[in-house]
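S.K.: First residue of the sequence shown? That's 1 in my numbering, and the numbers climb one at a time after it.
Keep in mind that the hints were calculated from the coordinates and are not lab data. This structure is a prediction, so every number in the text was calculated from the model and none was measured. Even glycine gets a Cβ: it sits at the ideal position worked out from N, Cα and C. Be aware that one or more of the hints could be misleading.
For each label pair, taking beta carbons as the anchor points, the in silico distance ranges come out as [said to hold, decoys possible]:
#: 1; residue 1: S125; residue 2: D226; range: 20 to 26 Å
#: 2; residue 1: D151; residue 2: T202; range: 17 to 23 Å
#: 3; residue 1: A189; residue 2: F107; range: 25 to 31 Å
#: 4; residue 1: W149; residue 2: D241; range: 39 to 45 Å
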Amino acid sequence: MIRSVIRGSGSALPAQVVTNADLQERVETSDEWIVERTGIRQRYIAGEGETTSTLATAAARRALEAAGMEASAIDLIVLATATPDQTFPATATIVQDNLGCNGGIAFDVAAVCSGFLYAMATADSMLRTGMAKRALVIGAETFSKILDWDDRTTCVLFGDGAGAIVLEAQDVAEDGPGLIATRLHADGAHNELLYVDGGPSTTGTVGHLRMKGREVFRHAVVNLADVLKEVLEGTGYSASDIDWVVPHQANARILDATARKLGLSIDKVIVTVDQHANTSAASVPLAYDTAVRDGRIKPGDLVMFEAMGGGFTWGASLARV
Numbered sequence: 001m002i003r004s005v006i007r008g009s010g011s012a013l014p015a016q017v018v019t020n021a022d023l024q025e026r027v028e029t030s031d032e033w034i035v036e037r038t039g040i041r042q043r044y045i046a047g048e049g050e051t052t053s054t055l056a057t058a059a060a061r062r063a064l065e066a067a068g069m070e071a072s073a074i075d076l077i078v079l080a081t082a083t084p085d086q087t088f089p090a091t092a093t094i095v096q097d098n099l100g101c102n103g104g105i106a107f108d109v110a111a112v113c114s115g116f117l118y119a120m121a122t123a124d125s126m127l128r129t130g131m132a133k134r135a136l137v138i139g140a141e142t143f144s145k146i147l148d149w150d151d152r153t154t155c156v157l158f159g160d161g162a163g164a165i166v167l168e169a170q171d172v173a174e175d176g177p178g179l180i181a182t183r184l185h186a187d188g189a190h191n192e193l194l195y196v197d198g199g200p201s202t203t204g205t206v207g208h209l210r211m212k213g214r215e216v217f218r219h220a221v222v223n224l225a226d227v228l229k230e231v232l233e234g235t236g237y238s239a240s241d242i243d244w245v246v247p248h249q250a251n252a253r254i255l256d257a258t259a260r261k262l263g264l265s266i267d268k269v270i271v272t273v274d275q276h277a278n279t280s281a282a283s284v285p286l287a288y289d290t291a292v293r294d295g296r297i298k299p300g301d302l303v304m305f306e307a308m309g310g311g312f313t314w315g316a317s318l319a320r321v
């Protein structure tokens, strides 16, 4: 069967680290308060010259290096972001030009924190139908640009970064590597719980992120546990077969609660929220690359990716890496 196989991964972070102690000097908060409620200890914030496209390009180059490929081998780039360099053209086309692989397919996907799952599923469909052979799937964000830095309930939660994987269409055995099953969902009824209060056709401004954290938490735990079970149905695998869960890194409490709901040990969950905070569409590939490079995730492992974000959008994908 034809599957989209992960050939390599890469990530990139801005140079500037902002700790909880640093934020104490800006808003009324404390390291103890932030850690207790979120698990976050620091985040990376983009500085001068660091944009969504520069971070995405750096992550893409590292993924290509890990895959042992030249950029010229890529004929599809799908970039998930809620913070593009420009309203248009797509940031993916800027990355394409930076890499020097112009002429193939390149476009952005907007599904906020679930963006990487949506982008990966889109690329997987195009690879399996023969529209492309090799794809760069990227999640990249500079959420610091849309934060209200006077709102202590949101500005402490987010950071900037990028992650990328190289997918290649391969003919593999049923128990071979590649993306096995994916499920995606959206429910626009919950727009007011997590949104940005601006946009080209409404205010003509970028706007700032607004969130009702308690309500988002409640929906996240239920939706993520349900979609993970949904992905497993029909695959022949159970939760106990999963070697690693690579979740969206929003809040350590959500990660703990979701693991408990599924009967999974938190030791099987990749956690990077303490170091990176919530990097939206970048968080899943960033966490994956971190775990690959530190040796936790190994070839042959069964990995579940999952995320939920504004929209609401949510989804999960099971892969043999």
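S.K.: Confirm or reject each hint.
M.R.: Each hint, compared with the structure:
1. As the Cβ distance of S125 to D226 is approximately 23 Å, the hint placing it in 20 to 26 Å holds.
2. Distance hint for D151 and T202: a CB-CB separation of about 20 Å, consistent with the stated range 17 to 23 Å.
3. The hinted window of 25 to 31 Å between A189 and F107 holds, with their beta carbons roughly 27 Å apart.
4. Remark: the range hint 39 to 45 Å for W149 to D241 is upheld by a beta-carbon distance near 44 Å.
In terms of the numbered hints stated before, the structure departs from none.
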